[in-house]
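Visitor: Below, each chain spelled out in residue letters.
2 protein chains.
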Amino acid sequence: MPRTPAHPDAAQIDLSAVLDALRDPVRRAIVVMLDERGEKRCASFVHVASKTNLTYHLSRLREAGLVRVRPEGTVRIISLRREELQARFPGLLDAVLESARREPRLSERLAPA
Amino acid sequence: MPRTPAHPDAAQIDLSAVLDALRDPVRRAIVVMLDERGEKRCASFVHVASKTNLTYHLSRLREAGLVRVRPEGTVRIISLRREELQARFPGLLDAVLESARREPRLSERLAPA
Numbered sequence: 001m002p003r004t005p006a007h008p009d010a011a012q013i014d015l016s017a018v019l020d021a022l023r024d025p026v027r028r029a030i031v032v033m034l035d036e037r038g039e040k041r042c043a044s045f046v047h048v049a050s051k052t053n054l055t056y057h058l059s060r061l062r063e064a065g066l067v068r069v070r071p072e073g074t075v076r077i078i079s080l081r082r083e084e085l086q087a088r089f090p091g092l093l094d095a096v097l098e099s100a101r102r103e104p105r106l107s108e109r110l111a112p113a
Numbered sequence: 001m002p003r004t005p006a007h008p009d010a011a012q013i014d015l016s017a018v019l020d021a022l023r024d025p026v027r028r029a030i031v032v033m034l035d036e037r038g039e040k041r042c043a044s045f046v047h048v049a050s051k052t053n054l055t056y057h058l059s060r061l062r063e064a065g066l067v068r069v070r071p072e073g074t075v076r077i078i079s080l081r082r083e084e085l086q087a088r089f090p091g092l093l094d095a096v097l098e099s100a101r102r103e104p105r106l107s108e109r110l111a112p113a
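Residue numbers (the working numbering), protein chains in the order written: chain G, 1 to 113; chain B, 1 to 113.
Treat the hints as calculated values from the structure; they're not laboratory data.
Errors might be hidden in some of the hints.
What the hints assert, rightly or not - So, partial list: chain B residues that the calculated Cβ filter (under 7 Å) puts toward chain G: (1) 11; (2) 13; (3) 22; (4) 23; (5) 25; (6) 86; (7) 89; (8) 95; (9) 99.
Unchecked claim - Simulated restraints on C-beta separations: (10) 38/B / 42/G: 21 to 31 Å; (11) 36/B / 71/G: 44 to 54 Å; (12) 72/G / 38/B: 49 to 59 Å; (13) 53/G / 83/B: 29 to 39 Å; (14) 73/G / 79/B: 18 to 28 Å; (15) 46/B / 73/G: 20 to 30 Å; (16) 108/B / 63/G: 17 to 27 Å; (17) 87/G / 87/B: 25 to 35 Å; (18) 94/G / 35/B: 16 to 26 Å; (19) 50/G / 46/B: 20 to 30 Å.
Glycine included, each C-beta is placed from N, C-alpha and C at the ideal position.
Starting from the given sequences, assemble the full structure and let the hints guide the process.
Guide: This is the structure in structure tokens:
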């Protein structure tokens with residue numbers, strides 16, 4: 001059974017780390033998907049990146065405090081830490097998500113639900 | 001007389017490049033200063049970073065489309081591209097600035113006007 005990986009506490013979430021996580025278009029596509037469709041298994045993102053890259057991108061998002069990873073049996077469930085991010089950096093996540101949705105290439109990265 | 005360096009057009013400003021520019025706390029401090037105090041000479045930022053680092057950080061901000069650099073005689077005047085950024089990514093710059101102002105170390109980087 002997979003262990004729960006480390007997450008920063010809400011108060012430890014760092015602005016530089018959040019912006020660093022969100023500067024990558026693949027990571028923005030993952031965050032947009034989680035925002036629109038709710039929590040997801042790791043496997044839901046296989047069309048966004050190769051398995052190796054996906055592991056890397058999800059770790060970056062988790063370490064920055066953007067997503068929570070929860071083991072459930074043999075799978076891992078990913079969810080967006082929306083409320084915690086909103087409390088710490090008001091308006092920031094929404095502004096990035098809105099800008100990301102306007103990117104012409106974003107829709108190519110998002111497969112049907 | 002210094003030449004005007006290259007700037008991206010408003011329509012070319014890229015979200016990844018903007019977030020990449022803003023992930024650095026020195027560059028955020030420069031952007032906060034420009035937002036609060038209006039356009040500034042290069043020399044106004046010498047307390048924020050060494051001259052070499054400052055040249056680098058101002059280039060990164062200019063190339064990402066966050067600031068405009070205008071030669072005036074022998075000096076360079078830096079200004080924030082606030083309206084263009086707001087039109088392209090509504091709310092994004094304000095959200096980053098507000099979050100940056102809450103950072104405990106920001107005030108150390110900002111010298112008196």
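Visitor: State for each hint whether it applies.
Guide: Here is how each hint holds up against the structure:
1. 11: violated (12 Å)
2. 13: At about 10 Å, which exceeds the 7 Å cut-off, the nearest Cβ of chain G leaves the hint on residue 13/B violated.
3. 22: Holds - the Cβ of residue 22/B comes within 7 Å of chain G, reaching about 5 Å at its closest.
4. 23: With Cβ-Cβ at 4 Å, under 7 Å, it holds.
5. 25: Check passed: Cβ of residue 25/B comes within 6 Å of chain G, closer than 7 Å.
6. 86: Interface hint status for residue 86/B: violated (10 Å vs cutoff 7 Å).
7. 89: Holds. Min distance 4 Å.
8. 95: holds (4 Å)
9. 99: holds (4 Å)
10. 38/B / 42/G: 21 to 31 Å: violated (48 Å)
11. 36/B / 71/G: 44 to 54 Å: holds (46 Å)
12. 72/G / 38/B: 49 to 59 Å: holds (53 Å)
13. 53/G / 83/B: 29 to 39 Å: At roughly 37 Å between Cβ atoms, residue 83/B and residue 53/G fall inside 29 to 39 Å, so the hint holds.
14. 73/G / 79/B: 18 to 28 Å: violated (56 Å)
15. 46/B / 73/G: 20 to 30 Å: violated (58 Å)
16. 108/B / 63/G: 17 to 27 Å: holds (25 Å)
17. 87/G / 87/B: 25 to 35 Å: holds (28 Å)
18. 94/G / 35/B: 16 to 26 Å: holds (20 Å)
19. 50/G / 46/B: 20 to 30 Å: violated (45 Å)
Consistency with the previously given hints fails for numbers 1, 2, 6, 10, 14, 15, 19, ordered from lowest to highest.
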